[in-house]
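Trainee: Just so you know, the protein sequences line up as chains G and U, in that order. Per my numbering, residue 1 is the first one in the first sequence, and the count goes up by one each step. Per my numbering, residue 1 is the first one in the second sequence, and the count goes up by one each step.
Hints are computed from structural coordinates only; laboratory data are not their basis. Note that CB positions come from ideal geometry on N, CA and C, so glycine has one too. Please note that the accuracy of each hint is not assured.
Pair by pair, the computed Cβ-Cβ distance ranges are [said to hold, decoys possible]:
| no. | chain 1 | residue 1 | chain 2 | residue 2 | range |
| --- | --- | --- | --- | --- | --- |
| 1 | G | A63 | U | A173 | 45 to 51 Å |
| 2 | G | E36 | U | L325 | 49 to 55 Å |
| 3 | U | V335 | G | E107 | 31 to 37 Å |
| 4 | U | H309 | G | E32 | 38 to 44 Å |
| 5 | U | H309 | G | G53 | 32 to 38 Å |
| 6 | U | Q267 | G | E107 | 24 to 30 Å |
| 7 | G | D100 | U | A402 | 49 to 55 Å |
| 8 | U | A8 | G | R101 | 53 to 59 Å |
Which chain U residues face chain G? A few, computed with CB under 8 Å, are given here [claimed, not checked]:
| no. | residue |
| --- | --- |
| 9 | S63 |
| 10 | E64 |
| 11 | L81 |
| 12 | P171 |
| 13 | K172 |
| 14 | E174 |
| 15 | D176 |
| 16 | N177 |
| 17 | P246 |
| 18 | G248 |
| 19 | S250 |
| 20 | F300 |
| 21 | G301 |
| 22 | Y307 |
| 23 | R308 |
| 24 | I318 |
Chain by chain, the residues:
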Amino acid sequence: MSEIDVGLGILDHQLVDSEGRHCGKVDDLELERVREGRPRVAAILSGPPAWRGRGRLGRLAAALARGRLVRIPWEEVAEVHAEVELRRTAQELRLGRGDDRARRFVERIPGASL
Amino acid sequence: MKQIFAIALGILAAIGGFVDIGDIVFNTAAGATFGYELLWAVVIGVGGIITYAEMCGRVAAVSERAVFDAVRERLGFQVGLVALISAQFVNLMTIAAEIGGVAIVLQLLSGLSYRALLVLAVLALALVLWLMPFGWIERVFGYTGLALLVFVVAALKLHPDWTQVARGFVPKAEADNLAVYGYYVVGLIGAAMIPYEVYFYSSGAVEERWRPKDLGINRANAIVGYSLGGLLSFALMISAGALLLPEGISPEHLGSVALVAEAPLGQIGLILALVGMLFAISGAAIDSAFAGAYNLGQFFGWEWGKYRHNAGAPRFTIAWALMLLVGFLIVVTGVDPILVTELSVVFSVVALPLTYVPILLVANDRAYMGSYGNGWVGNAFGVLYLLIVLVIAVAAIPLLIASNMGQG
Numbered sequence: 001m002s003e004i005d006v007g008l009g010i011l012d013h014q015l016v017d018s019e020g021r022h023c024g025k026v027d028d029l030e031l032e033r034v035r036e037g038r039p040r041v042a043a044i045l046s047g048p049p050a051w052r053g054r055g056r057l058g059r060l061a062a063a064l065a066r067g068r069l070v071r072i073p074w075e076e077v078a079e080v081h082a083e084v085e086l087r088r089t090a091q092e093l094r095l096g097r098g099d100d101r102a103r104r105f106v107e108r109i110p111g112a113s114l
Numbered sequence: 001m002k003q004i005f006a007i008a009l010g011i012l013a014a015i016g017g018f019v020d021i022g023d024i025v026f027n028t029a030a031g032a033t034f035g036y037e038l039l040w041a042v043v044i045g046v047g048g049i050i051t052y053a054e055m056c057g058r059v060a061a062v063s064e065r066a067v068f069d070a071v072r073e074r075l076g077f078q079v080g081l082v083a084l085i086s087a088q089f090v091n092l093m094t095i096a097a098e099i100g101g102v103a104i105v106l107q108l109l110s111g112l113s114y115r116a117l118l119v120l121a122v123l124a125l126a127l128v129l130w131l132m133p134f135g136w137i138e139r140v141f142g143y144t145g146l147a148l149l150v151f152v153v154a155a156l157k158l159h160p161d162w163t164q165v166a167r168g169f170v171p172k173a174e175a176d177n178l179a180v181y182g183y184y185v186v187g188l189i190g191a192a193m194i195p196y197e198v199y200f201y202s203s204g205a206v207e208e209r210w211r212p213k214d215l216g217i218n219r220a221n222a223i224v225g226y227s228l229g230g231l232l233s234f235a236l237m238i239s240a241g242a243l244l245l246p247e248g249i250s251p252e253h254l255g256s257v258a259l260v261a262e263a264p265l266g267q268i269g270l271i272l273a274l275v276g277m278l279f280a281i282s283g284a285a286i287d288s289a290f291a292g293a294y295n296l297g298q299f300f301g302w303e304w305g306k307y308r309h310n311a312g313a314p315r316f317t318i319a320w321a322l323m324l325l326v327g328f329l330i331v332v333t334g335v336d337p338i339l340v341t342e343l344s345v346v347f348s349v350v351a352l353p354l355t356y357v358p359i360l361l362v363a364n365d366r367a368y369m370g371s372y373g374n375g376w377v378g379n380a381f382g383v384l385y386l387l388i389v390l391v392i393a394v395a396a397i398p399l400l401i402a403s404n405m406g407q408g
């Protein structure tokens, strides 16, 4: 299987950081060398702005949602199985920030760690 | 031994967890209107939930994906989003119906005002979800819901005409009002196959890290658990058919459902019926709120899980809290919860193919399933139920209108 097959096979799969944290989906892919006829996956794109490349509803959803685009170079991918495992933590890759923001809010409520 | 014990406990929880307000409403209404004639539709519905849940549990155990992981991977972002929105719309209506149902049962138990009890119900549910470890929730609500078995005793005590009951298991459509008959067929199948149960079940399987060695438990839970749950549906329909049909009572209120247990068994029957309904419906409210949060977490790739502490899966936590809040806002407008229940079941039938199809595809995909893909039995049932689901999905809304929601 070539890298491009692996790349297309992971579209919409779960991203997991080096500590096992769920930190977004493979929302889109950045390809390179398409013109030369030797396409290669350069990076995984994650975050609402990446939905713009996913059809009309994707564009609409991207316009309505908040959140930044995160570009994860292909070199950061450690392993691909049911999930796409990354080499570094979500924090280092600036992923999972929606959960971080929500956590700061939820933590203030008594009993949050139950 | 320990394994058998675990299986038995899972099955017990599945029985208590099978019945929710949709089953209660449609089974007693069908019994009060058509006697035992529609028992066959419950058999079809139970077969459907067994087929679908077994498949989702197996996909979860082998491919480590819950329903909305598979939906997004198979359907892509756009169509997956449509599936998500329709599933969440149905989930919200289901939650609204269950919260309303909890308040009605509390009202029957206490005599306090319905609106005040709605507030109490939603606060109590939120507190239980926030504070109680999930293992406890499952036991308290699953096992207490077993009080509904009182309807099995009631059905026996009412001495129904068993030849008539047996005839009810043979499908036929010779009723005077075919639109109403068809509406109840859709409702009974839809109530048994209500989709939140499958979202919840498959997500739990992923969380508990089921692997192929757990496929026996999956099969036992699905087949035995849901069949015994179906027994409760039979009991509700048979006792309603034996008691309410001859009296000409139509159960537009959950109070007449409890009456079905009170008439043959007295006070104790009434109390067991109300307690069983209270906990079964509360458990369903909890499961459907979780199901909504699971779907969002899986579609968008958040941290999710009922075994995580609240701050460990923060957006998941906010999601179930918001689902409960919106469900509450729907019923607090004063809309009749029985109406919301019927609509939620009918719309769930319409939305069902959008999650059923991708699961059937994944269950047949060797890349996901290896040697654990659907065998010929799994595919025969899988395809048969896909056809049934498609037919009832197309027929659901026309029948809803033609039958004036079963009123004729």
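Trainee: For each hint, tell me whether it holds in the structure or not.
Mentor: Results of checking the hints against the structure:
1. G:A63 x U:A173: 45 to 51 Å: holds (49 Å)
2. G:E36 x U:L325: 49 to 55 Å: holds (54 Å)
3. U:V335 x G:E107: 31 to 37 Å: Holds: the Cβ-Cβ distance is about 36 Å, inside 31 to 37 Å.
4. U:H309 x G:E32: 38 to 44 Å: Check passed, 42 Å falls within 38 to 44 Å.
5. U:H309 x G:G53: 32 to 38 Å: holds (36 Å)
6. U:Q267 x G:E107: 24 to 30 Å: violated (48 Å)
7. G:D100 x U:A402: 49 to 55 Å: Because 52 Å falls inside the window, the suggested range holds.
8. U:A8 x G:R101: 53 to 59 Å: At 43 Å between Cβs, range violated.
9. S63: holds (6 Å)
10. E64: holds (4 Å)
11. L81: holds (5 Å)
12. P171: Hint violated; U:P171 Cβ to chain G Cβ min 40 Å, cut 8 Å.
13. K172: Hint on U:K172: violated, closest Cβ of chain G at ~44 Å, above 8 Å.
14. E174: violated (45 Å)
15. D176: violated (45 Å)
16. N177: Given a least distance of 41 Å, the restraint on U:N177 is violated.
17. P246: Status violated, d = 51 Å.
18. G248: Given a least distance of 50 Å, the restraint on U:G248 is violated.
19. S250: violated (43 Å)
20. F300: holds (7 Å)
21. G301: Holds. Min distance 4 Å.
22. Y307: violated (12 Å)
23. R308: violated (10 Å)
24. I318: Since the shortest Cβ distance to chain G is 6 Å, the answer is holds.
The structure is inconsistent with the numbered hints 6, 8, 12, 13, 14, 15, 16, 17, 18, 19, 22 and 23, although it conforms to all the rest.
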